[in-house]
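Visitor: Dock chain one against chain two, each of which comes alone in its own frame, and use the hints as you go.
One-letter residues, chain by chain:
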Amino acid sequence: MAVTTRLDLPTEMPARPAPRPRPRTRSSGRVWTTLRWLTIALALVVTVVPFYWLVTTSFKRQIDYLAYPPTLIPPAWTLDGYRVLFEQQDLGHFFANSVVVTLASTALAVFLGALAAYSLARAKFPFKLNGILAFWMLLTRMYPAIATAIPYFLIMRDLHLLDTRQALIVTYTAFNLPFVIWLLIGFYEELPPELERAATIDGCNAWQRFWKIVLPLSTPALVATAILSAVLAWNEFLFAVMLTRLNAKTLPVVMSGFITDKGTQWDQMTALGVITVLPVLVFALAVQRYLVRGLTLGAVKE
Amino acid sequence: MAASRPIPARRRRGRWSESPLFVLFLAPAVIFLAFTSVYPLARTFWLSFHTWFMNQPGTTPRWVGLGEYQAVLADQVFQTSAVHTAIFGAGTVLVELLLGLALALAVSTGGGGFRVARSILLVPMIMTPVVVGVLWRILLSDKGLGNYLLSLVHLGPVYWFVNPNWAFAGVMLVDIWQWTPFVMIVLTAALASLPSEPFRAALIDGASQWQIFRHITLPMLLPVLIVTGLLRFMDAIKVFDTIYVLTSGGPGYATEMLSSYIYKQGLRYFNIGGAAAASWMFLLAIVVIAIVLVRLRARIGRIE
Numbered sequence: 153m154a155v156t157t158r159l160d161l162p163t164e165m166p167a168r169p170a171p172r173p174r175p176r177t178r179s180s181g182r183v184w185t186t187l188r189w190l191t192i193a194l195a196l197v198v199t200v201v202p203f204y205w206l207v208t209t210s211f212k213r214q215i216d217y218l219a220y221p222p223t224l225i226p227p228a229w230t231l232d233g234y235r236v237l238f239e240q241q242d243l244g245h246f247f248a249n250s251v252v253v254t255l256a257s258t259a260l261a262v263f264l265g266a267l268a269a270y271s272l273a274r275a276k277f278p279f280k281l282n283g284i285l286a287f288w289m290l291l292t293r294m295y296p297a298i299a300t301a302i303p304y305f306l307i308m309r310d311l312h313l314l315d316t317r318q319a320l321i322v323t324y325t326a327f328n329l330p331f332v333i334w335l336l337i338g339f340y341e342e343l344p345p346e347l348e349r350a351a352t353i354d355g356c357n358a359w360q361r362f363w364k365i366v367l368p369l370s371t372p373a374l375v376a377t378a379i380l381s382a383v384l385a386w387n388e389f390l391f392a393v394m395l396t397r398l399n400a401k402t403l404p405v406v407m408s409g410f411i412t413d414k415g416t417q418w419d420q421m422t423a424l425g426v427i428t429v430l431p432v433l434v435f436a437l438a439v440q441r442y443l444v445r446g447l448t449l450g451a452v453k454e
Numbered sequence: 003m004a005a006s007r008p009i010p011a012r013r014r015r016g017r018w019s020e021s022p023l024f025v026l027f028l029a030p031a032v033i034f035l036a037f038t039s040v041y042p043l044a045r046t047f048w049l050s051f052h053t054w055f056m057n058q059p060g061t062t063p064r065w066v067g068l069g070e071y072q073a074v075l076a077d078q079v080f081q082t083s084a085v086h087t088a089i090f091g092a093g094t095v096l097v098e099l100l101l102g103l104a105l106a107l108a109v110s111t112g113g114g115g116f117r118v119a120r121s122i123l124l125v126p127m128i129m130t131p132v133v134v135g136v137l138w139r140i141l142l143s144d145k146g147l148g149n150y151l152l153s154l155v156h157l158g159p160v161y162w163f164v165n166p167n168w169a170f171a172g173v174m175l176v177d178i179w180q181w182t183p184f185v186m187i188v189l190t191a192a193l194a195s196l197p198s199e200p201f202r203a204a205l206i207d208g209a210s211q212w213q214i215f216r217h218i219t220l221p222m223l224l225p226v227l228i229v230t231g232l233l234r235f236m237d238a239i240k241v242f243d244t245i246y247v248l249t250s251g252g253p254g255y256a257t258e259m260l261s262s263y264i265y266k267q268g269l270r271y272f273n274i275g276g277a278a279a280a281s282w283m284f285l286l287a288i289v290v291i292a293i294v295l296v297r298l299r300a301r302i303g304r305i306e
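These protein sequences, in sequence, are chains A and B.
The first sequence maps to residues 153 to 454 in our numbering.
The second sequence maps to residues 3 to 306 in our numbering.
Next comes chain B alone, as it looks inside the complex (with noise of 0.2 angstroms):
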């Protein structure tokens, strides 16, 4: 690999930098983004100091300084809905993740069958979620096929939709459902990467597949599997329309997540400045994890 690349990328970069072009070709895009990204994250900031209720013909955004934050915090469905996100993230990405590694494990090597498998298995995850939502609310309705496979073992009826823990559950589970595929996809793909001696050594110490898999394949995968939840864990807090179809945040606040939250209070109450600040407040929580996770990523490429 050294050999055929006697000049280090860093020296690379810039050989031939006709500046002028280079900058041309960034141009494009990078304003794009200022207006499209940073333009609207700036006025939601803006707004989120202010008070402004759109609906009423007439007012202006008014200026409150930390007054919608306050207002936010104090507002028990905000909290209901932070905590459930978070419940909500972290439970469906732990389940995604084992399921995930378990499926990986068992498709990741093979011939066609495991292939047209390992095909199947992903649809879930490229299908349209309003599409996976209303299916879910065909499948867990009262008399549906899911109350029905419940019954042939005696179990159930489930409510799904009524009993609010039952409602959170079954949101969790269309989570857990279509995106388990994804976990499955990252992992197999990681698993190949494996380099292969220490399988070998193993095997040729006798041991058996579980040691193996317990004192080998874990440990090398450890990095990626963090990296992993940590982006899916990203992407399942922002979860919105699914919920939107499923329960729009109902029974009562039972499934109310902070995107839905954010929704109502900006497009249906308009309420402009509390949506505005509990956007923002949700954003730093985010950015937050992400850095986290760069850094994490930084350190797993050196040890790599």
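Chain A extracted, bound-state conformation (with noise of 0.2 angstroms):
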């Protein structure tokens, strides 16, 4: 967050016109260059074909994705795939499901991470509290789920909760929240306090100063872990599938479903899949800038 300043990278300098352009420097320039447009294009291709294979085979026909040698650019496109898929599954349904569960999971642990995390930059508690709950929030988002996963059937289970929507989004919200704090913490740490100060002498207390000013200045950092916590709640499968069964099914559960029901449908199984990714897809691509930065905040002190 400190850099001000554009960097030099050593990667630039050769196509930069350099006072005294040596020769040696320039050659060896040319090849690099080379290496890396011949890196880049090779690991485009290793990560475009198989997204265009998932594509393309949803608009094949049988004969075509169970051709062998397989058929590259399909000789007929049909919707087959999609019609069946809606005939026999409720799909608009589960597809609720997914929206529904990824934005109020995604809604809550904002707003309550958004406020702890205030709280925690600001104030200082007691017995070494601010850093005992960072800790534990560290902890809360790096051990493994599984570890949970037993308690939280029979929780559900025992509050009558199992396959509805309310206990996704308890649990979706649970994982997202020490996250998004961990997160949090530091960019309100280096927020100035110079504003939040004149605030205060113009009488406004915490809560005033929190909405007024801090929520609007911190913006870009809620945006980036928002749409951190709504991929991660979009794409989730372990509480998913075990939380539950019919009703509450979000998509990657019903794109479980075809492992063990019918191996080879692969039309219907990729349309699924296209189904599933695309809007998750078309939302970070849109918000790219943000997810770049909700991903690296945590890794990468600036």
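There is no bait here: all hints are sound.
If you anchor each label on the Cβ, the simulated ranges turn out as follows: (1) A:VAL251 x B:LEU75: 35 to 45 angstroms; (2) A:GLY409 x B:PRO159: 21 to 31 angstroms; (3) B:ARG64 x A:VAL197: 52 to 62 angstroms; (4) B:SER153 x A:LEU194: 13 to 23 angstroms; (5) B:VAL294 x A:ASN357: 35 to 45 angstroms; (6) B:GLY93 x A:VAL197: 15 to 25 angstroms; (7) A:ASP242 x B:TYR161: 32 to 42 angstroms; (8) B:VAL290 x A:ALA248: 35 to 45 angstroms; (9) A:PHE287 x B:GLN213: 35 to 45 angstroms; (10) B:VAL294 x A:VAL197: 29 to 39 angstroms; (11) A:VAL251 x B:SER250: 21 to 31 angstroms.
Please keep in mind that the hints were generated in silico from the structure rather than gathered at the bench.
These figures come from a predicted structure and were not determined experimentally.
Ideal placement from N, C-alpha and C gives every residue a C-beta, glycine not left out.
Guide: Next up, the structure:
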């Protein structure tokens, strides 16, 4: 966050007009540029081809997706995979499950998390509580989810919440909350306190400062954490498969159902894959700047 | 920097602390997490000292002390999955670090073209793991695209999910495909935050790109590499979704990992005590890694 000037990196040097160009640097620069492009081209192929396969298979006829050698470009396109998928499953309902669970848990986690992170960044609690709580958040983000799987199942069963959206909302909020707090503490500690101090002098209490000054100022960080939470919630599978049976199934659970039931209905499987992946992909790429920011917030101290 | 902030962070904290309000801010999150993370973990801990098969009606947990821990440790499938998990974590993370570093160096600077490439390379990481699993199941099937491409260079066919070794390589391949972008992103950010002076100096001294990389970039990047590697390792050993979809631990136990082992013990065989004991051992292992990570990070922060 302290980076204010545009940094010149070595990789960029050869491309720029240097004051005194050295032949050696320039020729090694050309090799370097070629290497860079080769690396990128290879990586792009490895990334794009599976994705291309996912999309095209969903539009293939059975004779094409089962053919060998595989049909690289479908000779005929069909929507059968999608049609059968929608006929056999209440897909709209499952899609709605995914959306509701994702939005609700993200909103809850970001709101509660922002409040807690602000409090931890600004107030000093006795007994070294700030440090202890921060470490607790870190551990909560890191422990294996599977370690709480059985108690969650038992608790939700006892509360008669199995197979409800509420169960998933609570679960995902619980996962995302520590993560949100952990990311936002760092952000709030860096936030210059002058504005808040001025507001205090004008008679604002902590809540007014938080609501009117800190929240608007931290919109980028909030968006970044919200995006990450939403992606995690949308993609989550372990608890979704464990806590739902029929009614509250999310898209990944529906997807996994194909594995046991109908081994090679690849058109339907990939059609569902496209439906599952597309919203999050469009959304994530649209707000990519924030996504990258959120991802690196935890790992790199800027 | 110091001039614009006359008050050190430590004194800034609590300067206008209206404790009751700040406690109110913190309380909802802490209470929520107490119920949703502390309580379940405590319950797992309690269950791990009991034997209980949930599918037998009318039975209740019966105290057995460390009995379940002994039983799990003696279980060959547990041992196998622990070893698998460690190999899987170390192997995937090493490859991801290498590839991620190469990619980060390749895309870290430059104009629009590089930025578009960077966006596209992000895609696997955002894709739903279950979908990734299904997709690779199709790609690596006996008559899939993978074997076709191998046949073009007169290799294979590889029966990915029949041969235990290939199955293990397959699940590693999928993890590497999905998570190398994460390493790339983090390292790209780290590269952008390196100071530029050493590079300028090296260029003026006529150092080659390789020399610059070997003696400047790499040493300066090392702390971030270590932290990123540990972060990835902790996530990699929790792998569940893709295993569930790709192999569900098979063939035999060839790709059984700790998460899938615990899942099966608990929710397929209803061996609650055993699953809880295994969970806690897994948890302790991760806590140890987390502590190492926090220590390392603090030390790296001090060096900076």
